[in-house]
Amino acid sequence: MSIQELSAELDAPFQIMDENGRLIGTPPDIADTKLLEMYRAMYFIRAFSNKIVALQRQGKATTWGSLSGHEATSVGFAAPLEPQDWMAGSYRDAGSYYFKGLSPANIAYYQRGLPPKYEAGANCLPVQIVIGTQVLHAVGIGMAAKIKGDPVVSVGLCGDGATSEGDFNEALNFAGVFQAPVIFGVINNGWAISLPRHKQSAVKWLAMRGVGFGVPYKIVDGNDLFAVYATVKEAADRARNGGGPTLIEAITYRLGAHTTADDPTRYREQEELDFWQEKEPIKRMRLYLINRGLLTEAEDKAMAEEEEIHAQAVVDEAFNTPPPPPDAIFEMTWQTPSPRMERQRSELKRNLAEKDGEF
Amino acid sequence: MSIQELSAELDAPFQIMDENGRLIGTPPDIADTKLLEMYRAMYFIRAFSNKIVALQRQGKATTWGSLSGHEATSVGFAAPLEPQDWMAGSYRDAGSYYFKGLSPANIAYYQRGLPPKYEAGANCLPVQIVIGTQVLHAVGIGMAAKIKGDPVVSVGLCGDGATSEGDFNEALNFAGVFQAPVIFGVINNGWAISLPRHKQSAVKWLAMRGVGFGVPYKIVDGNDLFAVYATVKEAADRARNGGGPTLIEAITYRLGAHTTADDPTRYREQEELDFWQEKEPIKRMRLYLINRGLLTEAEDKAMAEEEEIHAQAVVDEAFNTPPPPPDAIFEMTWQTPSPRMERQRSELKRNLAEKDGEF
Amino acid sequence: MKMTMIEALNQALEQEMSKDDRVIVMGEDVGKNGGVFRVTDRLQARFGEKRVFDTPLAESGIMGTAVGMAVYGLRPIAEIQFAGFLYVSMNQLVSQAARMRFRSAGVYSCPMVVRAPYGGGVRTPELHSDSLEGVFLQTPGLKVVIPSNPYDAKGLLVSAIEDPDPVIFLENIKLYRSVRLEVPEERYNIPLGKAAIVQEGSDLTLISYGAMVAVAQEAARMVKEKSGASLEIIDLRTIWPMDEETIVASVEKTGRAVIISEAPRAGGVSAEITAIINEQCLYSLLKPVARVTGFDTPFPSPGLEDYYLPTPARVARAIVETLEA
Amino acid sequence: MKMTMIEALNQALEQEMSKDDRVIVMGEDVGKNGGVFRVTDRLQARFGEKRVFDTPLAESGIMGTAVGMAVYGLRPIAEIQFAGFLYVSMNQLVSQAARMRFRSAGVYSCPMVVRAPYGGGVRTPELHSDSLEGVFLQTPGLKVVIPSNPYDAKGLLVSAIEDPDPVIFLENIKLYRSVRLEVPEERYNIPLGKAAIVQEGSDLTLISYGAMVAVAQEAARMVKEKSGASLEIIDLRTIWPMDEETIVASVEKTGRAVIISEAPRAGGVSAEITAIINEQCLYSLLKPVARVTGFDTPFPSPGLEDYYLPTPARVARAIVETLEA
Ligand SMILES: Cc1ncc(C[n+]2csc(CCOP(=O)(O)OP(=O)(O)O)c2C)c(N)n1
Ligand SMILES: Cc1ncc(C[n+]2csc(CCOP(=O)(O)OP(=O)(O)O)c2C)c(N)n1
Ligand SMILES: [Mg+2]
Ligand SMILES: [Mg+2]
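Protein chains in written order, with this note's numbering: chain A, 1 to 359; chain B, 360 to 718; chain C, 719 to 1043; chain D, 1044 to 1368.
Keep in mind the hints are simulated off the structure, nothing from the lab. Some hints could be false.
[Unchecked claim] Examples of chain B residues toward chain D, derived with CB under 7 Å:
{"hint": "1", "residue": "I552"}
{"hint": "2", "residue": "Q636"}
{"hint": "3", "residue": "P681"}
{"hint": "4", "residue": "P685"}
{"hint": "5", "residue": "I688"}
{"hint": "6", "residue": "N710"}
[Stated by the list, open to error] Calculated pairs, DSS-like style, for lysine-lysine (alpha carbon to alpha carbon, straight line, at most 27 Å):
{"hint": "7", "chain 1": "A", "residue 1": "K349", "chain 2": "C", "residue 2": "K1005"}
{"hint": "8", "chain 1": "B", "residue 1": "K410", "chain 2": "B", "residue 2": "K558"}
{"hint": "9", "chain 1": "A", "residue 1": "K34", "chain 2": "A", "residue 2": "K199"}
{"hint": "10", "chain 1": "C", "residue 1": "K737", "chain 2": "A", "residue 2": "K349"}
{"hint": "11", "chain 1": "A", "residue 1": "K199", "chain 2": "B", "residue 2": "K507"}
{"hint": "12", "chain 1": "D", "residue 1": "K1330", "chain 2": "D", "residue 2": "K1269"}
{"hint": "13", "chain 1": "C", "residue 1": "K944", "chain 2": "B", "residue 2": "K505"}
{"hint": "14", "chain 1": "C", "residue 1": "K750", "chain 2": "C", "residue 2": "K720"}
{"hint": "15", "chain 1": "B", "residue 1": "K708", "chain 2": "D", "residue 2": "K1267"}
{"hint": "16", "chain 1": "C", "residue 1": "K720", "chain 2": "C", "residue 2": "K737"}
{"hint": "17", "chain 1": "A", "residue 1": "K204", "chain 2": "C", "residue 2": "K768"}
{"hint": "18", "chain 1": "A", "residue 1": "K148", "chain 2": "D", "residue 2": "K1093"}
{"hint": "19", "chain 1": "C", "residue 1": "K768", "chain 2": "B", "residue 2": "K507"}
{"hint": "20", "chain 1": "A", "residue 1": "K199", "chain 2": "C", "residue 2": "K768"}
{"hint": "21", "chain 1": "A", "residue 1": "K146", "chain 2": "B", "residue 2": "K558"}
{"hint": "22", "chain 1": "B", "residue 1": "K558", "chain 2": "A", "residue 2": "K148"}
{"hint": "23", "chain 1": "C", "residue 1": "K750", "chain 2": "A", "residue 2": "K204"}
{"hint": "24", "chain 1": "B", "residue 1": "K592", "chain 2": "B", "residue 2": "K563"}
{"hint": "25", "chain 1": "A", "residue 1": "K279", "chain 2": "A", "residue 2": "K148"}
{"hint": "26", "chain 1": "C", "residue 1": "K971", "chain 2": "C", "residue 2": "K1005"}
{"hint": "27", "chain 1": "C", "residue 1": "K971", "chain 2": "B", "residue 2": "K505"}
{"hint": "28", "chain 1": "D", "residue 1": "K1269", "chain 2": "D", "residue 2": "K1237"}
{"hint": "29", "chain 1": "A", "residue 1": "K148", "chain 2": "D", "residue 2": "K1269"}
{"hint": "30", "chain 1": "C", "residue 1": "K737", "chain 2": "B", "residue 2": "K507"}
{"hint": "31", "chain 1": "B", "residue 1": "K476", "chain 2": "B", "residue 2": "K708"}
{"hint": "32", "chain 1": "D", "residue 1": "K1075", "chain 2": "A", "residue 2": "K146"}
{"hint": "33", "chain 1": "C", "residue 1": "K768", "chain 2": "C", "residue 2": "K737"}
{"hint": "34", "chain 1": "A", "residue 1": "K204", "chain 2": "B", "residue 2": "K563"}
{"hint": "35", "chain 1": "A", "residue 1": "K349", "chain 2": "A", "residue 2": "K117"}
{"hint": "36", "chain 1": "B", "residue 1": "K563", "chain 2": "D", "residue 2": "K1269"}
{"hint": "37", "chain 1": "A", "residue 1": "K349", "chain 2": "A", "residue 2": "K34"}
Don't be surprised by glycine CBs; every beta carbon is placed ideally from N, CA and C.
In isolation and in its complexed conformation, chain A is listed as follows (with noise of 0.2 Å):
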């Protein structure tokens, strides 16, 4: 990347959709169906969201962080994807999870406190809880892609915060040195918690961290799904084609507090909120699409009623799946549980088998 490039990029991010979904750039070439899928999409994303959220307050689900504001780049970022692609992202990439093919259902059966059920073929890594920490293994499965020769791209997300850790930045260095065909999509929604971004780093645009790593970067609208799609478009074909990696930056908001366990009127202004509100990714994709006459208001309407439902079905789902037996810890550790474990395995059956009035 050359500093002429640079210095034209560090103006605004990338926009091709307005916030009144307006051209203001080429879209890229979705079929439609497709580009309904994805906004069909964005609808499950929130409702979902939003159903974990109220299991939750009824205690019934474990602390979640709301997916309210990340709906275009959850999709824009598993969209451009192929199958054998992977992912690796912390809690707030659910919605990425879901489009790249992770079953809501498990999803949600995780939300109950239950170890998780992936399917394999999904390839999404469990989600990360240590932040920073997933970057670094998606450069270990692009690289790895790499050595074996397999045309795979590998996707780490992270927020904003998580640019701080010292991973981060050695992801971007392996990255940048192995050329791994890896991005990095750092979904930047203004908040850590409590700590809002310009505290974070002095640095402008996290993006220019691709700087000092040599690692081409670009910084994008997140809540115009158009322009997350095309820059992982061009980047995921690039890293597919041995052109090493891209670090993108989208610019989105947390619209909802940081988890079900957080109050964020102790750190930010209602005003903020409002500020943020009127540019959510929703709103602009529907009058995008009504616009362009692939939706009526009425089929608008239908779909997010029926994607409440889908959110529903899935929630259903998975609170009858029945969980593992609580002696599931000693097959999970080690494929083959040790003489030891298999002496605790006994310690724990007898505990449950053994009443607590008989002790």
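Based on these hints, arrange chains B, C and D with the ligands on the given structure of chain A.
What follows is chains B, C and D with the ligands alone, placed relative to chain A:
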């Protein structure tokens, strides 16, 4: 730092004096006596380092990383500092520690493999072995000085290899966020053991790392004492006046083996060494001083011999200093040893008392 | 006044900061947000952003800069949002903070406190419940403190802040708000390295700490009700250095011991206590020391944690077995 | 052929790489330089830069990318230049590699080997001698292997590479070149999790691993010469999972045990072995289990390490004391 400034700096490292001692810029304002003192220190550092290498070969000293080639960076990073300033460096920064005020006899004493003797007043953190780690300490010191309102500058020194560590990058980020009075000195000597600079990071200059953290930076010829001094001085003045951190990459070359345990013929070419030998820092300063009439050839020769003797005296002093008692480790762990440690101290003393034959 | 552990800790921080200018508080979300558990609530408003500040999201950065600050002369209190993330800062903690005095042969020291919530039973996400205290027995140079109630929490935190060496102060999440206890308004110390005998007894010694003290107490109650056995309960308070004297004196008296810890069993605190008993009072021992602990697997998902954590019934069974002739 | 441990390890790597395309070698200076101890010598020339490559100087990066590679289907062997630097990569090791199978409930696994030199007695700089095996007892999900001789080194490394779960393979620096032993040219396995009885005896059990096996043998020789006592010596080979059966069977027979480890004493391998003996064969025990180990301080400077490390004389004294009636 604007992009304009950035692109201007990307062409070549900043120089004031070329490799033949000719000025190509304005030299910093250094009194002649101080300049001669700095020049003398370069001789001392080379002689001292060679002595330790020889002692190691005789089995009298522990592993040592040669300082040859690092004389200008060693002196140039320390000379502009005030006594209240701090330094945090690695094994390769003994020359800077010396000029900062650490007794060289104590440095030699440490090389006997004994717990070090640091003069608290020199404000040099213990030599760091875990690559990259000390840079965060330097930032912490800078942050603390800023909190207390002290006019202190903190210098974190590390090698080119160290810039790959997460800690180095986290340090840049903290320094940027807290606008800490810190100077990052990356002594780029071309190699991290057997790993050449271009395999460490895909970026052209490591100093560009500053871009992504909002930390101003500069790339200097690390064999040009004037360039290093002037750049560090400017950064120190700025930091002291509340202007925040600076990242300085000094380009030099490791003329010796990585350490006494290393065999560089396994991985680097003689031609490369010859190329850099021509650029070594003492020669050009000698030419400059003689040319300016500050030194005659005879005085120069005498100075080199004096510093040989000085180095020998320092080593002798170190080797005549009695070592601590073996149970010193119990006092070094906590201010007050625990009862258990006291029992272990007795155990150690009993081991000492009983000869090996009489177990 | 009756206080939760959070309130007691908050008061200790406030009083230490008032008393000593060198004390500063740093970490993720400790400022305006007052920490995700509110332990640092209102401190930034009171002491300003210079002394109470949010850091970037980088545990190694937090730990490493705290080391520099401590060497320089401040008394940093660094919060790591959950103890499981101490691993991210492990090198700065065990190779740096723990060794500054050693590495400088006593010229520099590193008086800092690392606070971190830990512990199971509250349905947290992965790595939010892990108990790390056992790891630090093998990484010399660190003190480790774990209070079991609000009163101890305040007095121990004061001592930790005053300590000339680095202290890891682990706060059990389940205890944060579940118990209110009388806590004096004024400053007081509870010395590090001293265990408390929370219940005297003669038949068996229960050794525990943190949230497991209450489990021990409940188990003791259950056993006493059933068999009338007289149980001594030790709360370690400081995990390292460990109060071996109190442990040994008790086991010499009772001849039987059960250790309760929610950490994995292998090689941690429960193993070391067993080894101490073996070394110093084997001949008083009438039965094998029993360890009621987590299993040697990672801490499980919330839905399975109840089977992993020691319960009063599990402890009671171990007591009964150990009491058998 | 007689080989040093370095040669035996190098041969194991070469044979595994020939046999299995998925095996790759990565780390600092492992390529052209062949590793600072030459364990990976000539591998890059033989297998190319794709399968044997130098990484940037970043341990977390090494560990984290290795995790990704292992999940993807390779069998990475990551070298950490010295075990003391494992702390830098601790999170990737214990929260990531160790838990990939657990976190994915068995869908993904992490078959990787982390090789790292460790151990004292060779006058290395700080953190180059530290023994970390004890730490990993408290961080479930990892296997830990430490060979005591060239023959074992080869067979254990082969098993580690083939293991479906992550294995930390710690190589004692002092043993690297000091002993030459007959090592078969052909590939062979030594199973993980099984200890070796290197000397049978009936009066006391010596339990050790790594460089301490030779110390145990020398101490046993000294004691035998003096008193004729018959000593059994166990070489753990795999530290975790530990071969408890062999330990317990031996101590049940001898009634006495001395554990030798160069790691700090508190809460590590020596504590766990003591606890295992206490739990499973207390009634056979005639004397307290003795621990001859490093002290509970950081590993000292080279000039003081001889006072820290267990010596044959120290071990012999512990044996004699433990043999007393
Ligand atoms: C290593 C680590 N440190 C701290 C935390 C606690 N924590 C959870 S989420 C979070 C903020 C993350 O911010 P960001 O990366 O911007 O992601 P977002 O939640 O905004 O999507 C923090 C500090 C953690 N999970 N892991
Ligand atoms: C964390 C860590 N990893 C690895 C090492 C082993 N090691 C010692 S020096 C070195 C290379 C350092 O290179 P650089 O930072 O360029 O400094 P230089 O030696 O060239 O001055 C390595 C890998 C170490 N000491 N610490
Ligand atoms: Mg965020
Ligand atoms: Mg270098």
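So, going through the hints one by one against the coordinates:
{"no.": "1", "hint": "I552", "verdict": "holds, 5 Å"}
{"no.": "2", "hint": "Q636", "verdict": "violated, 22 Å"}
{"no.": "3", "hint": "P681", "verdict": "violated, 12 Å"}
{"no.": "4", "hint": "P685", "verdict": "holds, 4 Å"}
{"no.": "5", "hint": "I688", "verdict": "holds, 5 Å"}
{"no.": "6", "hint": "N710", "verdict": "holds, 6 Å"}
{"no.": "7", "hint": "A/K349 - C/K1005", "verdict": "holds, 24 Å"}
{"no.": "8", "hint": "B/K410 - B/K558", "verdict": "violated, 32 Å"}
{"no.": "9", "hint": "A/K34 - A/K199", "verdict": "violated, 39 Å"}
{"no.": "10", "hint": "C/K737 - A/K349", "verdict": "violated, 53 Å"}
{"no.": "11", "hint": "A/K199 - B/K507", "verdict": "holds, 21 Å"}
{"no.": "12", "hint": "D/K1330 - D/K1269", "verdict": "holds, 20 Å"}
{"no.": "13", "hint": "C/K944 - B/K505", "verdict": "violated, 63 Å"}
{"no.": "14", "hint": "C/K750 - C/K720", "verdict": "holds, 25 Å"}
{"no.": "15", "hint": "B/K708 - D/K1267", "verdict": "holds, 25 Å"}
{"no.": "16", "hint": "C/K720 - C/K737", "verdict": "holds, 23 Å"}
{"no.": "17", "hint": "A/K204 - C/K768", "verdict": "holds, 23 Å"}
{"no.": "18", "hint": "A/K148 - D/K1093", "verdict": "holds, 9 Å"}
{"no.": "19", "hint": "C/K768 - B/K507", "verdict": "holds, 9 Å"}
{"no.": "20", "hint": "A/K199 - C/K768", "verdict": "holds, 14 Å"}
{"no.": "21", "hint": "A/K146 - B/K558", "verdict": "holds, 17 Å"}
{"no.": "22", "hint": "B/K558 - A/K148", "verdict": "holds, 21 Å"}
{"no.": "23", "hint": "C/K750 - A/K204", "verdict": "holds, 23 Å"}
{"no.": "24", "hint": "B/K592 - B/K563", "verdict": "holds, 25 Å"}
{"no.": "25", "hint": "A/K279 - A/K148", "verdict": "violated, 43 Å"}
{"no.": "26", "hint": "C/K971 - C/K1005", "verdict": "holds, 13 Å"}
{"no.": "27", "hint": "C/K971 - B/K505", "verdict": "violated, 56 Å"}
{"no.": "28", "hint": "D/K1269 - D/K1237", "verdict": "violated, 32 Å"}
{"no.": "29", "hint": "A/K148 - D/K1269", "verdict": "violated, 61 Å"}
{"no.": "30", "hint": "C/K737 - B/K507", "verdict": "holds, 16 Å"}
{"no.": "31", "hint": "B/K476 - B/K708", "verdict": "holds, 23 Å"}
{"no.": "32", "hint": "D/K1075 - A/K146", "verdict": "holds, 21 Å"}
{"no.": "33", "hint": "C/K768 - C/K737", "verdict": "holds, 16 Å"}
{"no.": "34", "hint": "A/K204 - B/K563", "verdict": "holds, 22 Å"}
{"no.": "35", "hint": "A/K349 - A/K117", "verdict": "holds, 23 Å"}
{"no.": "36", "hint": "B/K563 - D/K1269", "verdict": "violated, 68 Å"}
{"no.": "37", "hint": "A/K349 - A/K34", "verdict": "violated, 50 Å"}
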